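Undergrad: Put the two chains together into one complex; each comes in its own frame, and the hints tell you how they fit.
Residue numbers (this note's numbering), protein chains in the order written: chain A, 1 to 227; chain B, 1001 to 1115.
Since the hints were made in silico from the structure, they are not lab data. Quick caveat, the model's predicted, so the values are computed rather than measured. Where hints are given, some of them may not hold.
Said to hold, decoys possible - Quick list of the computed label-pair ranges, beta carbon to beta carbon:
1. B:Glu1065 to A:Gly89: 43 to 51 Å
2. A:Gly40 to B:Pro1041: 26 to 34 Å
3. B:Glu1049 to A:Tyr207: 46 to 54 Å
4. B:Asp1040 to A:Leu224: 38 to 46 Å
5. B:Ser1055 to A:Ala110: 25 to 33 Å
6. A:Asn71 to B:Thr1078: 48 to 56 Å
To be verified - A few chain B residues that face chain A, going by a derived Cβ cut-off under 10 Å, partial list only:
7. His1002
8. Glu1012
9. Ala1014
10. Pro1022
11. Pro1059
12. Thr1078
13. Val1079
14. Gln1086
15. Glu1114
Stated by the list, open to error - Derived list of chain B stretches under chain A, where covered just means 3 residues or more per stretch with a C-beta under 8 Å from a C-beta of chain A:
16. 1032 to 1039
17. 1045 to 1055
Glycine residues also receive a C-beta, built at the ideal position from the N, C-alpha and C atoms.
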Amino acid sequence: MTRIEVQKKVLSENERIAKSLRERVRENGIYCPNLISSPGAGKTLLLERTLAMFPPDTGVAVLTGDIQTDNDAKRLAKYGFPVRQITTGGACHLDARMVEKELEGWDLEALDYLFIENVGNLVCPSSYDLGEHDKIVILSVTEGEDKPLKYPGTFSRAGLVILNKIDLLPYVQFDITKAKENVRKVNPSAEILEVSATTGANLDDWYAWLEKKRSGCAQALSTLIVS
Amino acid sequence: MHEMGIATSVFEAAQKEAQRYPGSKLLKIGLRIGEWSGVDPESLRFCFEALVLGSEPSPAALDIEFRPRQNRCPTCGTVFALKDYQTDCPNCGAAVTEPVSGTELELAYVELEEP
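Bound-form chain B, shown alone (with noise of 0.2 Å):
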């Protein structure tokens, strides 16, 4: 529902990072989502899409990596992806175990054109 608004903030801050090397031209933006973010990877392509729409002299690209949910061990070290919420390391069976990515929402690179 709001991937409009997270569409524009993206837009914006890539367009913030290819200021940084004037004349150069936004290619394409790579954008890091989690499962858990509260976003959904296809809405927001969605938004994204309409808010380049028309831009010049080419509208920039946006490449999604989806991260899926998962927790690390802090016993045995085991990296797992969580399966019907089971938080249980599948690994030891230790029933602690800490999350390390599905929530990201991050801007991960910009490809520009340099002039």
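Bound-form chain A, shown alone (with noise of 0.2 Å):
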């Protein structure tokens, strides 16, 4: 019997594709955000706010993720963007080879930003690296401010916390403060917004976000051609 050390992450070949994945979106200066939440915390709403933001000229594409239907892909596609649904047919996230496969026929030199909106799903997505830029968690106060403790696997990989539907902060027994210290607790380093979707509350903090990011990516590939 002879034992082999291996030492390789299990998730090598999703690994792999998901490097190149960030080459690409990185050479066409990009910025790339994957959309995590549990079922209905609002991802595609704050989407469809965001695509209605954009000039018309803007380079935005959408992979929307569902386990079945393209319901969201239809709600998307009314602001003119490219969007693509990817259903997963059971896969409960997706994984950095259903993007590859997607993108196929993409000019991705004519983007500025890809959303990917993940399978609703707090805890699978966090496991697969999609090549994205950052992970943005997406937490409605509907739900309990426990839940960045219960998932602390995907929360502490986010590189962004969403704190949503606060229009509803009076009807719920939210402690926002709280659900903030638990997004610190897992995540010190995690920026956190709060918005509604729903009445446009604080929205523009996430355009500015979103702005800054993609300007981020414009630069570093600057730098990249001039040297």
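TA: This is the structure:
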């Protein structure tokens, strides 16, 4: 009997594809966020609002994942930007291969933003790198404020946590101070925004965040080209 | 929820390693799973056993090393397990500490019977 030390990530094939996706995104100066939340936290409405905000000549594309139906793609397609639905047919998360496949035929050079809307789930998406710049976790105030503690794997990997549906705060027992403390416990460096996609409250902060990230990507690209 | 997919990836990765030693038989697969990896070891074991059931000549065993979430204090060097998500250093009280383990999802080793 022989023991052979391997020391490799189990998802090394996914990591390999994610790395090549990240390279393609970087070469084109695109900002690519991966939106993660439980079902019903408001990912799609937030994206609708975001698409409606962009001037029509902005290079925006969306990949949206669901287990079944293309309902979300239909909702998002109304804004005139290219949208593709990834129907996983049962899988509870997107993986890098699905993203790579769906990107076929898209002119990445023309893009400034590539939004990936993951399958509604706070567990599995955290294991799969999609080549994104940031995992953005959306937590709505109709959920429990202890969710960051219950799903530390996902919240600890977030670059930004968006607390959504703040217009409902007067009607629910959600302690927003405690929610933010809980985010900080598992992820001291994550930025936090409080918004309502329904009323539009504080969405300007979200748009400013996107713009800052996108200009960072464009700047990194120009430095890359000069050097 | 995605443990079946992970189990498949584990088995495939281990088989790939074993194929580098032609004629060998895969006896055991060593995995390292972190507390914050998003993978439940017991569910994974259940899926793995279902997956290898009936594989010839006999199914490979799975050895899981569970890795707790630990942080390291850059000031005094103390490594400590996180209790109630307290990231402050229990030794010197430093507020900023760095994660050192707990997100692993790694194939650590394979045990083979060589021909």
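Undergrad: If a hint holds in the structure, say so; if it doesn't, say that too.
TA: Structure-based check of all given hints:
no. : hint                              : verdict
1   : B:Glu1065 to A:Gly89: 43 to 51 Å  : violated, 33 Å
2   : A:Gly40 to B:Pro1041: 26 to 34 Å  : holds, 29 Å
3   : B:Glu1049 to A:Tyr207: 46 to 54 Å : holds, 49 Å
4   : B:Asp1040 to A:Leu224: 38 to 46 Å : holds, 41 Å
5   : B:Ser1055 to A:Ala110: 25 to 33 Å : violated, 48 Å
6   : A:Asn71 to B:Thr1078: 48 to 56 Å  : holds, 51 Å
7   : His1002                           : holds, 4 Å
8   : Glu1012                           : holds, 8 Å
9   : Ala1014                           : holds, 8 Å
10  : Pro1022                           : violated, 13 Å
11  : Pro1059                           : violated, 16 Å
12  : Thr1078                           : violated, 18 Å
13  : Val1079                           : violated, 18 Å
14  : Gln1086                           : holds, 8 Å
15  : Glu1114                           : holds, 6 Å
16  : 1032 to 1039                      : holds (count 4)
17  : 1045 to 1055                      : violated (count 0)
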